[in-house]
Amino acid sequence: MVTVKDYTGLTSAWCPGCGNFGILQAVKKALVDMGLEPWQVLLVSDIGQAGKLPHYTQGNVFNSLHGRALPAALGAKIANPELKVIVIAGDGGAYGEGGNHFIHTVRRNHDVTYLVHDNQVYGLTKGQTSPTSDFGFVTKTTPEGAPLPINPITLAISVGATFVARAFAGDVDFLAGLIKAGIQHKGFALIDILQPCVSFNHKNTFAWYRERVHKLEEGTYKPGDKNTAYITAQEWGDKIPIGIIYREERPTYEDSLPALKQGSLVDQPIEPHRVEKLFSEFV
Amino acid sequence: MVEQINIMVGGEAGQGVQSVGHLLARAFARWGYRVFADQDYESRVRGGHNFFRVRASRAPVGAILETLDILIAFNRESIDLHRAEVGKDGVIIYDGEKIKDVTGDKLISLPLEKLAVEAAGDRMMANTVALGTALALPGYDLPLLTGLLRDYFGGEAGEKNVKAAQAGYEQTRKLASSTFTKKLSATEAPTRMLVSGNEAMALGAIAAGCKFMAAYPMTPTTPIMEYLASKAKDYGIVVVPAEDEIAAINMVVGAGYAGVRAMTATSGGGFCLMVEGLGLAGMTETPVVIIEGQRAGPAIGLPTRTEQGDLEFILHAAHGEFPRAVLAPSSVDECFWSVVKAFNLAEKYQTPVLVITDQHLASSYATVDRFDVSKVKIDRGLLFRGDGDYKRHAYTESGVSPRAFPGKQKALVVTDSDEHDEAGHLTEDAGTRLLMMQKRLRKLYGLKKDMVVPHNHAKKGETLLIGWGSTQGAIEEAAENLRKDSHKVNRLHLNELWPFPAEAVALAMAEAKHTYVVENNATGQLARLIRRETGKQVDASILKYDGRPFTPALIIDQVLKEGC
Ligand SMILES: Cc1ncc(C[n+]2csc(CCOP(=O)(O)OP(=O)(O)O)c2C)c(N)n1
Ligand code: SF4
Ligand SMILES: [Mg+2]
Numbered sequence: 001m002v003t004v005k006d007y008t009g010l011t012s013a014w015c016p017g018c019g020n021f022g023i024l025q026a027v028k029k030a031l032v033d034m035g036l037e038p039w040q041v042l043l044v045s046d047i048g049q050a051g052k053l054p055h056y057t058q059g060n061v062f063n064s065l066h067g068r069a070l071p072a073a074l075g076a077k078i079a080n081p082e083l084k085v086i087v088i089a090g091d092g093g094a095y096g097e098g099g100n101h102f103i104h105t106v107r108r109n110h111d112v113t114y115l116v117h118d119n120q121v122y123g124l125t126k127g128q129t130s131p132t133s134d135f136g137f138v139t140k141t142t143p144e145g146a147p148l149p150i151n152p153i154t155l156a157i158s159v160g161a162t163f164v165a166r167a168f169a170g171d172v173d174f175l176a177g178l179i180k181a182g183i184q185h186k187g188f189a190l191i192d193i194l195q196p197c198v199s200f201n202h203k204n205t206f207a208w209y210r211e212r213v214h215k216l217e218e219g220t221y222k223p224g225d226k227n228t229a230y231i232t233a234q235e236w237g238d239k240i241p242i243g244i245i246y247r248e249e250r251p252t253y254e255d256s257l258p259a260l261k262q263g264s265l266v267d268q269p270i271e272p273h274r275v276e277k278l279f280s281e282f283v
Numbered sequence: 001m002v003e004q005i006n007i008m009v010g011g012e013a014g015q016g017v018q019s020v021g022h023l024l025a026r027a028f029a030r031w032g033y034r035v036f037a038d039q040d041y042e043s044r045v046r047g048g049h050n051f052f053r054v055r056a057s058r059a060p061v062g063a064i065l066e067t068l069d070i071l072i073a074f075n076r077e078s079i080d081l082h083r084a085e086v087g088k089d090g091v092i093i094y095d096g097e098k099i100k101d102v103t104g105d106k107l108i109s110l111p112l113e114k115l116a117v118e119a120a121g122d123r124m125m126a127n128t129v130a131l132g133t134a135l136a137l138p139g140y141d142l143p144l145l146t147g148l149l150r151d152y153f154g155g156e157a158g159e160k161n162v163k164a165a166q167a168g169y170e171q172t173r174k175l176a177s178s179t180f181t182k183k184l185s186a187t188e189a190p191t192r193m194l195v196s197g198n199e200a201m202a203l204g205a206i207a208a209g210c211k212f213m214a215a216y217p218m219t220p221t222t223p224i225m226e227y228l229a230s231k232a233k234d235y236g237i238v239v240v241p242a243e244d245e246i247a248a249i250n251m252v253v254g255a256g257y258a259g260v261r262a263m264t265a266t267s268g269g270g271f272c273l274m275v276e277g278l279g280l281a282g283m284t285e286t287p288v289v290i291i292e293g294q295r296a297g298p299a300i301g302l303p304t305r306t307e308q309g310d311l312e313f314i315l316h317a318a319h320g321e322f323p324r325a326v327l328a329p330s331s332v333d334e335c336f337w338s339v340v341k342a343f344n345l346a347e348k349y350q351t352p353v354l355v356i357t358d359q360h361l362a363s364s365y366a367t368v369d370r371f372d373v374s375k376v377k378i379d380r381g382l383l384f385r386g387d388g389d390y391k392r393h394a395y396t397e398s399g400v401s402p403r404a405f406p407g408k409q410k411a412l413v414v415t416d417s418d419e420h421d422e423a424g425h426l427t428e429d430a431g432t433r434l435l436m437m438q439k440r441l442r443k444l445y446g447l448k449k450d451m452v453v454p455h456n457h458a459k460k461g462e463t464l465l466i467g468w469g470s471t472q473g474a475i476e477e478a479a480e481n482l483r484k485d486s487h488k489v490n491r492l493h494l495n496e497l498w499p500f501p502a503e504a505v506a507l508a509m510a511e512a513k514h515t516y517v518v519e520n521n522a523t524g525q526l527a528r529l530i531r532r533e534t535g536k537q538v539d540a541s542i543l544k545y546d547g548r549p550f551t552p553a554l555i556i557d558q559v560l561k562e563g564c
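Just so you know, the sequences run in chain order A and B.
Numbered per this note's numbering, the first sequence spans residues 1 to 283.
Numbered per this note's numbering, the second sequence spans residues 1 to 564.
Take the hints with a grain of salt, since some may be wrong.
Said to hold, decoys possible - Simulated crosslink set (DSSO-like; lysine-lysine; CA at most 30 angstroms straight-line):
id: 1; chain 1: B; residue 1: 231; chain 2: A; residue 2: 5
id: 2; chain 1: A; residue 1: 261; chain 2: B; residue 2: 410
id: 3; chain 1: A; residue 1: 239; chain 2: A; residue 2: 261
id: 4; chain 1: A; residue 1: 29; chain 2: B; residue 2: 484
id: 5; chain 1: B; residue 1: 536; chain 2: B; residue 2: 459
id: 6; chain 1: A; residue 1: 186; chain 2: B; residue 2: 459
id: 7; chain 1: B; residue 1: 439; chain 2: B; residue 2: 408
id: 8; chain 1: B; residue 1: 375; chain 2: A; residue 2: 277
id: 9; chain 1: A; residue 1: 277; chain 2: B; residue 2: 391
id: 10; chain 1: A; residue 1: 5; chain 2: B; residue 2: 410
id: 11; chain 1: A; residue 1: 261; chain 2: B; residue 2: 231
id: 12; chain 1: A; residue 1: 29; chain 2: B; residue 2: 439
id: 13; chain 1: B; residue 1: 410; chain 2: A; residue 2: 180
In short, the hints are calculated from the structure, not lab data.
Can you build the whole structure from these sequences, using the hints too?
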């Protein structure tokens, strides 16, 4: 039986008190709860504070470039769909540097889970504005205040997301449940995790979030209704909803690939002679 | 004189220039001829001026010729622009009912459109009428032509094309046959395959077991992804039309990491976007194959035209230092074999391998003997088996660490674009950094041994023409013709550029009377590379950078001017 001990990794280099610790704990909990062993899991990460997470646990790890975690993960997932692929990025990598990949990954509905550690700031590079910084947020690169932020939830819904959730790093159990649901979801699952950065974001703190987040009650809230989801996704400020905001079933990108009907590409033999059949096309 | 013929089809985009040209080339291939055909087109879908040149010969051919025997002109512009290229016994075929008031000699007007309507009930078939005409002139077999059209189009379309071609063929035999004196005959040789550089590369990728391709369309390499996509179902290949080239290369790296043979294809502009991903493959020691079909740059440049302007860029692309191999196939046949080799090198040395072509080679067609697939050997490099301790980046003497694929065993496969330790975890430790850099760079020693040593065709004291990639055919023919005129000229051609064959090049240069580098760029990039790697300066560079390929005649002119 897999236990949380099997997921012990290297000592982290995060600041004490950082929201990332809660996310790390939740990831481990979700994987253990699902009975997944580290070798069955592929963690693909971005560059940034968030991107270091895989080193602090166990699993197969591909720590990619800034903004490019998604495409690297998709290549691996298509090559071997048996892998449980979890992609980890910060808000900068996910919605800025990798914004185009985000839109198209959502649209194509690849079967991977995307955890975005959304601290509304560039942590690793020490506190510049990010695509999700609140309007007016002052940083060294925005002395006059940040422009309007992107709303990753509405954006994802509008480009065809099949699983969109918002979570809070301060509620580990609830987050672990969402991660589990995201991994179990067949298709692309976005979990945007509100993650306090104690060093560079003195506005959106643990206390600030605790006052505002409220869970979408299972049973009363219906994540299958796109219009409701769209409205719910826009709640920000005094009240911030967490939970699965939108969910639908749709065939995945991988489902559409005839080459995968025989199983993993990695398991397919290489048979050079088969190309000969094509030569008659050229005479 | 070797029996050969040179035909050009010219017209607007959308008039069927490409399909008539392609069918002409196939027709001669079926006659047992060797064919070389190139395309010149503008970056537009309708209108403009395009041409397709077909050279068919009993002897091997690898270049185009300037002097035309037959010009099929679908518009006035084709006549105006190319009539000077028509040789003294050559002819220009055009539809005098469509292109009025053309004067001058060598003209043969045939009512192509009228014949198309009469014979096939479709004025769009005028191009197939012209095909029949062009083949009637040198005395091609009609049944062979109709057989080709039936095979090519099939069914009703095949019959319609047959009728149109027959009409053109018979009308020409009746009216114009005697005005064209060059008569050819069938050869005993078997039909060779007629393939483009792009198609040869795609076939090479299939033979090599490529299972994953991600790419973004860009002239001239788009046909590679299109061909593989068309075979994806039958050959168990996934082709992802990625949102951009950055996604493409990163997907390929991800797939390579997961354990499949993966590649992308692009041109210079797209490759610019891939550069950080290239370094990622180097750092994570992931095998990837990248095909870069050069076109005239910088920026959008001449989108549909040729250049060898990316050599230095490809050798140096991406920040930092890591091993790579660069192959530059110099014929359509080599396009196939270079891609096969690229996949083996990529996996054996766990590093990116680049295969460079250019618009000229990528979209030219040539006859090749059937690729001998029994010679395709698959080398997947060192693989880790078992469930014991595993370190993805273990230090080894060769620099190559056994590869394991994630999820295929209990052992974990960990890698990082940050500098990492043997286990793949990020580290900033100075000692580890040194050992890791040395480990990765050590792979170059093995890689170098796997490169072919270029063959120096020259004898001591001859003038040496050095080239790389697609210029081989033109240089070879130029040297041959110069020798026929008693000039002592020969050649050394590089089709594997990195690791650089410095010793072989230095030796060849030491023995030569003069050394000239022939390359399709403005600043002499190979000449600079030679100087850097051998310490030797070539005597002159013969350069061309107007977006058009070299012809043998152009090279001969320049060599004679420089002295030989
Ligand atoms: C191409 C590129 N540009 C810039 C950087 C520098 N960089 C590293 S992480 C980062 C931003 C990190 O912000 P985010 O993605 O939100 O992650 P966080 O550190 O906040 O978790 C930047 C700008 C880089 N590594 N690569
Ligand atoms: S800088 Fe912010 S995000 Fe990074 S570790 Fe410190 S607290 Fe966490
Ligand atoms: Mg951030």
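Hint consistency between residue 186 of chain A and residue 459 of chain B [alpha-carbon to alpha-carbon, up to 30 angstroms]:
Distance of about 67 angstroms is beyond 30 angstroms: violated.
Keeping to a limit of 30 angstroms between CA atoms, is the pair of residue 439 of chain B and residue 408 of chain B held or broken?
Since the Cα atoms of residue 439 of chain B and residue 408 of chain B sit roughly 26 angstroms apart, the hinted pair holds (cutoff 30 angstroms).
Holds or violated: residue 536 of chain B and residue 459 of chain B, Cα atoms, limit 30 angstroms.
Satisfied, since the Cα-Cα distance of roughly 19 angstroms is no more than 30 angstroms.
Please work out if residue 261 of chain A and residue 231 of chain B have their alpha carbons no farther apart than 30 angstroms.
15 angstroms, holds
Restraint check for residue 239 of chain A with residue 261 of chain A, where alpha carbons must lie at most 30 angstroms apart:
This hinted pair is violated, its Cα atoms lying about 46 angstroms apart.
Residue 410 of chain B paired with residue 180 of chain A [C-alpha distance capped at 30 angstroms]:
Within the cut-off at roughly 22 angstroms; holds.
Is residue 277 of chain A close enough to residue 391 of chain B, meaning Cα to Cα at most 30 angstroms?
Violated, because 41 angstroms separates the two Cα atoms, which is more than 30 angstroms.
Keeping to a limit of 30 angstroms between CA atoms, is the pair of residue 29 of chain A and residue 484 of chain B held or broken?
80 angstroms, violated
Just to be careful, I want the Cα atoms of residue 5 of chain A and residue 410 of chain B compared with a cutoff of 30 angstroms; is the pair within it?
Given pair residue 5 of chain A, residue 410 of chain B holds - Cα atoms ~16 angstroms apart, limit 30 angstroms.
Satisfaction of hint between residue 410 of chain B and residue 261 of chain A, Cα-Cα up to 30 angstroms
25 angstroms, holds
Hinted pair, alpha-carbon criterion (30 angstroms max): residue 29 of chain A, residue 439 of chain B. Please report holds or violated.
37 angstroms, violated
Quickly compare the C-alpha distance for residue 375 of chain B and residue 277 of chain A to 30 angstroms and report which way the hint goes.
16 angstroms, holds
Of the numbered hints given earlier, the model fails hints 1, 3, 4, 6, 9 and 12; all others are met.
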